[in-house]
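2 protein chains.
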Amino acid sequence: MPASPIRKLVPYAEAAKKRGIKVYHLNIGQPDIETPEACLNAVRHSDFKVLEYSHSAGNESYRKKLTEYYSKNNIHVNADQIIITTGGSEAILFGFMACLDPGDEVIIPQPFYANYNGFATAAGVSVKPISSSIETGFALPPIKDFELAISEKTKAIVICNPNNPTGYLYSAEEMQVLKQLILKHDLFLFADEAYREFCYDGEFTSAMHLEGVEDHVVLMDTISKRYSACGGRIGAFVTKNKDLLDAAMKFAQARLSPPSFAQILGEAAVDLPDDYFNKTKAQYRERRDLIVSRLNAMPGVFCPNPGGAFYAMAKLPIDDSDKFCQWLLESFSYKGQTVMLAPATGFYSTVGLGKNEVRLAYVINTDAINAAMDCLEKALEEYPGKIIT
Amino acid sequence: MPASPIRKLVPYAEAAKKRGIKVYHLNIGQPDIETPEACLNAVRHSDFKVLEYSHSAGNESYRKKLTEYYSKNNIHVNADQIIITTGGSEAILFGFMACLDPGDEVIIPQPFYANYNGFATAAGVSVKPISSSIETGFALPPIKDFELAISEKTKAIVICNPNNPTGYLYSAEEMQVLKQLILKHDLFLFADEAYREFCYDGEFTSAMHLEGVEDHVVLMDTISKRYSACGGRIGAFVTKNKDLLDAAMKFAQARLSPPSFAQILGEAAVDLPDDYFNKTKAQYRERRDLIVSRLNAMPGVFCPNPGGAFYAMAKLPIDDSDKFCQWLLESFSYKGQTVMLAPATGFYSTVGLGKNEVRLAYVINTDAINAAMDCLEKALEEYPGKIIT
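From first to last, the protein sequence lines stand for chains A and B. For the first sequence, the residue numbers in the numbering used here are 1 to 389. For the second sequence, the residue numbers in the numbering used here are 1 to 389.
Don't take every hint at face value.
Any copy will do: because identical chains look the same in the list, a pair fits if it lies in one copy or spans two.
[As the list claims (entries may be wrong)] Derived DSBU-like pairs: lysine-lysine, alpha-carbon spacing no greater than 30 Å straight-line:
(1) Lys65 with Lys22
(2) Lys153 with Lys250
(3) Lys315 with Lys128
(4) Lys179 with Lys72
(5) Lys355 with Lys65
(6) Lys22 with Lys64
(7) Lys64 with Lys49
(8) Lys49 with Lys22
(9) Lys49 with Lys65
(10) Lys250 with Lys128
(11) Lys315 with Lys17
(12) Lys65 with Lys279
(13) Lys49 with Lys335
(14) Lys144 with Lys240
(15) Lys250 with Lys155
(16) Lys17 with Lys49
(17) Lys18 with Lys242
(18) Lys153 with Lys240
No wet-lab data here; the hints were simulated from the structure. Fair warning: this is a prediction, and the values are worked out from it, not measured in the lab.
Make a model of the complete structure from these sequences and hints.
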């Protein structure tokens, strides 16, 4: 089991804070956006007497309600095609464990959400990465790279759209390329669409929008980012494939039920006004514009403009992103402050890639982003391992 | 992945209810006891603005508080030796996944909590059952049975104390036998102590009370039954073994964090008055006495008196407990009512065992237990597969 690249530096951050240093957290996708009050109130005003197990697939009332949410997103499923999971994490775990056998291979464009590796390891599944590049803004790799990677053991392609860690938003054309690939090779398409609502340039195409591949597609979803409800630990495993649902239900039953409190929150969230996301999206867009322009203004730094989610990947003039991110916490401060970033190495499956890249989650306000960028700019001047180009 | 024997009959129960039949649920350990109001209020009166991820090991404040709870139970651990999990289920999963390698074997006295099988399967670990018997009230199997089952692949013994599904409470002497075994063969002892507070006859001995085997013992704990908070999905993985903690933390980080709401509930629970469990225990004891006497009064039925937890195992004069439990839901009713039981076959790893045994969870009030026993008594008269002794 690999250590989480997003969380492994936590002890260094804790030590820095104990030394009195303010740490700007750009390392983890924990939004500062307030959880909608109506959602929190639904929990706070609940009046049950016994905090019971829910159905293993989640409360029926919640699953029915969720079909309304999906319908608004042009995703037409019924309540029996949804299994409520303990966070998006568990939806991914169910995907790997219930849909694949140990020894199977999955293809994932890298860099990718690091915990896919952890869940693949837990399921005995091998990840075959194919590389996207910062130079093209992390667009879908060319079809020939997929074809070269596909073997008889390949059972699925995993995508995250809009992408974590790159922020890349797959185009409708790229989604069609994926559709042809999964049809041709009879593969599953696992689609992590945690950031569905956060698209700033271009239209979002869900894997569930692809016609004629309904039995191939599994949606791995979560309310964590959508409603700033990460601590609720509520996600969903959604598919029209009955066999996969049956297999996933066995895993769902083994862990008894998803958390009850946050199912109430999730159910209430479906009734938020339709314009709820507009304000949040505007905030994230402003932050994106700021962080990308601040980064690209630093000597030797390159950051492509991400089309969605709330992450940016940046190439820095440094020797080793793991060392640099640790040094930021252990040995650096500027005006009593420093910044915590996620080294990109943890998002690449191929050893050696990402050594001069970091991921930044723009989940703090613009003042904080500016302060964090001031720290980063100063740090890049002082860092002993800087590369002068 | 095996289907959960506790939940696989759920569709039949749902169908019976749709036909207007009242179903008494003795099949699942979902207590009807009210969750302590102070605990629910701690959640309802919380005033945070953002439902954030917690620390992967759980909130530090909760872990610190939990050390007080454990200390009252003569279990002395510090906050760093506790990882808060998503239910006891995840504590068990972490035990199998983080402490063992695929191909390793664990020894579990059967019948055992069926989901151990599921988690072992998920981890690629083999379960080697050794049998306890209803005739001895499901006491710990003789030491020679353990010795015969131990191979070079054996890495751990798993116990649930007080036991689910049997209700058996291991004596201090039996715990010493286990201590000698794990020392002699250098094994881990995984102890599921979900029902610690519910002991009716005799003293409880925790695996954490055993001296000289601190590095061998892993406690798999949960607040689900203790505070009737099953839907909270909060448990704990507790050990003094630093290597196991480090390994489990990788899994904890991969799933990001345990649910936030119910950690608040769990923290508040530690401050409940010391006599909180007295009333609950008295209720369960009354129910146990009732259900055991009702069962033993039925012709051909035998139910040993369980010393703890809230389960009883009964031997019934039937051909096949799976068929019988399904028949109760599909084809039987008495005064518009029926009873849902858990077939014992799912609690045995050895095929063929438990065919004339069922597990009953006495988690409903005494009136309901009487009504459920009326149904069962009638059903045993009518069941086409009854065995006349």
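Against the structure, the hints:
1. Within a single copy, lysine 65 and lysine 22 get their C-alpha atoms only as close as 42 Å, which misses the 30 Å cut-off; across copies the closest is 27 Å, which meets it.
2. Within a single copy, lysine 153 and lysine 250 get their C-alpha atoms as close as 24 Å, and across copies as close as 27 Å, so both meet the 30 Å cut-off.
3. For the identical chains of this complex, lysine 315 and lysine 128 are intra-copy neighbours only, at 24 Å inside a copy versus 52 Å across copies, given an alpha-carbon limit of 30 Å.
4. Taking the shortest alpha-carbon separations for lysine 179 and lysine 72, only the intra-copy value of 23 Å comes in at or below 30 Å, while the best inter-copy value is 59 Å.
5. In the homo-oligomer, the alpha carbons of lysine 355 and lysine 65 never lie at most 30 Å apart, since the shortest distance is 44 Å inside one protomer and 41 Å across protomers.
6. Within a single copy, lysine 22 and lysine 64 get their C-alpha atoms only as close as 44 Å, which misses the 30 Å cut-off; across copies the closest is 24 Å, which meets it.
7. Proximity of lysine 64 and lysine 49 under a CA criterion of 30 Å is satisfied in both settings, with 23 Å inside one chain copy and 27 Å between copies.
8. Taking the closest pair of Cα atoms, lysine 49 and lysine 22 come within 30 Å of each other only across two copies (21 Å); inside a single copy the shortest separation is 42 Å, beyond that limit.
9. Taking the shortest Cα distances, lysine 49 and lysine 65 sit within 30 Å of each other both inside one copy (23 Å) and across copies (24 Å).
10. For a Cα distance limit of 30 Å, the shortest separation of lysine 250 from lysine 128 qualifies both inside one copy, at 27 Å, and across copies, at 22 Å.
11. Taking the closest pair of Cα atoms, lysine 315 and lysine 17 come within 30 Å of each other only inside a single copy of the chain (27 Å); across copies the shortest separation is 60 Å, beyond that limit.
12. Taking the closest pair of Cα atoms, lysine 65 and lysine 279 come within 30 Å of each other only inside a single copy of the chain (23 Å); across copies the shortest separation is 39 Å, beyond that limit.
13. When the C-alpha separation of lysine 49 and lysine 335 is checked against a cutoff of 30 Å, the pair qualifies only between copies, where the shortest distance is 28 Å, while the shortest distance within a copy is 51 Å.
14. In this homomeric assembly, lysine 144 and lysine 240 come within 30 Å of each other (Cα to Cα) only inside a single copy, at 29 Å, whereas the closest approach across copies is 51 Å.
15. Proximity of lysine 250 and lysine 155 under a CA criterion of 30 Å is satisfied in both settings, with 20 Å inside one chain copy and 26 Å between copies.
16. With identical chains, the CA atoms of lysine 17 and lysine 49 are at most 30 Å apart between copies only, with a shortest distance of 22 Å across copies and 41 Å within one.
17. Within a single copy, lysine 18 and lysine 242 get their C-alpha atoms only as close as 52 Å, which misses the 30 Å cut-off; across copies the closest is 23 Å, which meets it.
18. Taking CA atoms no more than 30 Å apart as the test, lysine 153 paired with lysine 240 passes inside one copy only; the shortest distance there is 23 Å, against 41 Å between copies.
When held up to the earlier numbered hints, the structure conflicts with hint 5 and nothing else.
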